[in-house]
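Enquirer: Residue numbers (full-length UniProt numbering), protein chains in the order written: chain A, 1 to 295; chain B, 1 to 292.
Be careful, since some hints might not be right.
[As the list claims (entries may be wrong)] Here are the simulated lysine-lysine pairs, DSBU-like style, with alpha carbons at most 30 Å apart: (1) B:K185 / B:K254; (2) B:K65 / A:K15; (3) A:K43 / A:K229; (4) B:K185 / A:K15; (5) B:K279 / A:K191; (6) B:K185 / A:K229; (7) B:K65 / B:K114; (8) B:K188 / A:K15; (9) B:K65 / B:K254.
Hints listed in this document are in silico derivations from the structure and should not be mistaken for laboratory results.
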Amino acid sequence: MSVSNKKGLDYWLPKLVVSPTVAITVIFFYGFVIWTAVLSFTKSRILPQYEFVGFDQYVRLFLNDRWMGALTNLLVFGVLFIAICMIVGLIMAVLLDQNIRAEGALRTIYLYPMALSFIVTGTVWKWLLNPTVGIERFIRSLGWDSFTFDWIIDPNMAIYTIVIAGVWQASGFVMAIFLAGLRGIDTSIIKAAQLDGASLFSVYTRIIIPSMRPVFFSAFIMLAHIAIKSFDLIIALTGGGPGNSTDVPAIFMYQFSFQRGQLGMGAASAIIMLMTVLAILVPYLYSELRTPKNG
Amino acid sequence: MAKTTDPRYSPITGRAILYGVLIVIALYYLMPLALMVVTSLRSMDEIRLGQLIEWPDAITFEAWKIAWNEAQIGARDELGLRPYFINSIIMVIPSVAISTLLGALNGYVLSFWKFRGSELFFAALLLGCFLPFQAILLPQSQLLGWLGLTGTIPGLVLTHVVYGVSFTTLFFRNYYVNLPHELIKAAKLDGAGFWMIFFRIILPLSAPILVVTVIWQFTQIWNDFLFGVVFSDPDSQPVTVGLNNLVNSATGEKRYNVDMAGAIIAALPTILVYVLAGKYFVRGLTAGSVKG
């Protein structure tokens, strides 16, 4: 009895141990996403109710100027944030890869913003970018009286202040990913190329950087994910203003769901956000999971 | 780590420019933090008359005191960031402990006790790493309401555990699959059971990934704002929400020294972790990205 029981235990125990997480996955991930999707097809306002109205909420959503503005802002912010983080991160990684004496210390400095909350980052940059007390006033006090840097109160420019703070926070992280990628490259190829007379510049542009495609890819995915979810940074930095000029889908979703009593529309906006993430992610995961190395 | 050190490519002036650029970049990253610290040590009189970048005439911890337990934040009775900070601590400890433990056990099973469907389960679980939480906020708030956990710290803990378990499982699983399987096979042949192998063999080998996971979870949960602002009441709000309220609720003159002191208070635990264990922090970041 005891022997067969032991075998039975080792058969059931692993399944029993993961069962809470299976339940979490089924209920809290997939179940809740489906639930949100269901809500997006109802006319729910302040409270959930299950009277279905088809795609009405989605139609209302895309006829809503604020939502379209939020999408445009996300696009502007996302493209600039990702592009600048990648460029800055790559440059820093390449510079740090030149046998730098204090590499460890510099790396620590470049990366520390990633340990901060976006609320902290937003609080600091809100103050620095405030023209009456921050950088603008400082430069003017140095004697350049006409210096103007008031993007944060200019509805046409405020979205770029989000990019500035976002890049400050996340570019060190991209540097760390790229640096890890650079260190993973087979140095014998590089040595061979240098023996053939290739300059350091062309070694990077022709050999090293092209061979880091997977690293670029994962950095892109992470940054896109941060951009689509961005909420705290914007709340702390501009609160979505001036006006709605820095509104993004995450803020829209929060306000319509929890402050304006538009649950149905909030749910619809959340589903669109999820679709956007999946559209970027699915091709990536598909290719990742197919490579046997990761299996 | 081996790199080319051909002197032809590192003439003295080139190196000087290189170091110059690297230092300028470092100053750019350090500037906000340095200004935060300096400003938090100045008095409001000095700030009003003085400049953004200026050494304080007299160092005062007044702003820190105000931010910590004197500032009126919102309409709550208790003053300052202190109650929020305590909430964050009460929230973060069980959240990190439970999600890390679950992750270790899941990773162990997914690596050494595979069963039919375990790979599928792992793939399905990974969605959680990328799920935009907006897609689950409404059902989660409904569920917390049914459980009577709306606006409570246990409600926040539940939320953080549930939505943190994908990452913790991923970390442990990716670490365990690289351990030698022969070790476990031999132990199984010797009759060691599920728990015996876990506690005697696997757990003692897990120190590095345990540190990475704890740091990752600690940073994520301490810095969280979205769950904090959606699922908590004034009595249970974490420090990120407290800081945001402090900065945005002040009526009358903006007290930048208090804001900055508050920001440092909110950031201090994660900065400390980063300074003390930066290596593990970076490993978590890159593990979460490259493999996720």
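Enquirer: Work down the list of hints and note, for each, if the structure agrees.
Expert: Evaluation of the provided hints:
no., hint, result
1, B:K185 / B:K254, "violated, 65 Å"
2, B:K65 / A:K15, "violated, 52 Å"
3, A:K43 / A:K229, "holds, 25 Å"
4, B:K185 / A:K15, "holds, 19 Å"
5, B:K279 / A:K191, "holds, 29 Å"
6, B:K185 / A:K229, "violated, 43 Å"
7, B:K65 / B:K114, "violated, 55 Å"
8, B:K188 / A:K15, "holds, 17 Å"
9, B:K65 / B:K254, "holds, 16 Å"
In summary, the structure is inconsistent with hints 1, 2, 6 and 7 from the numbered list given earlier, while agreeing with the others.
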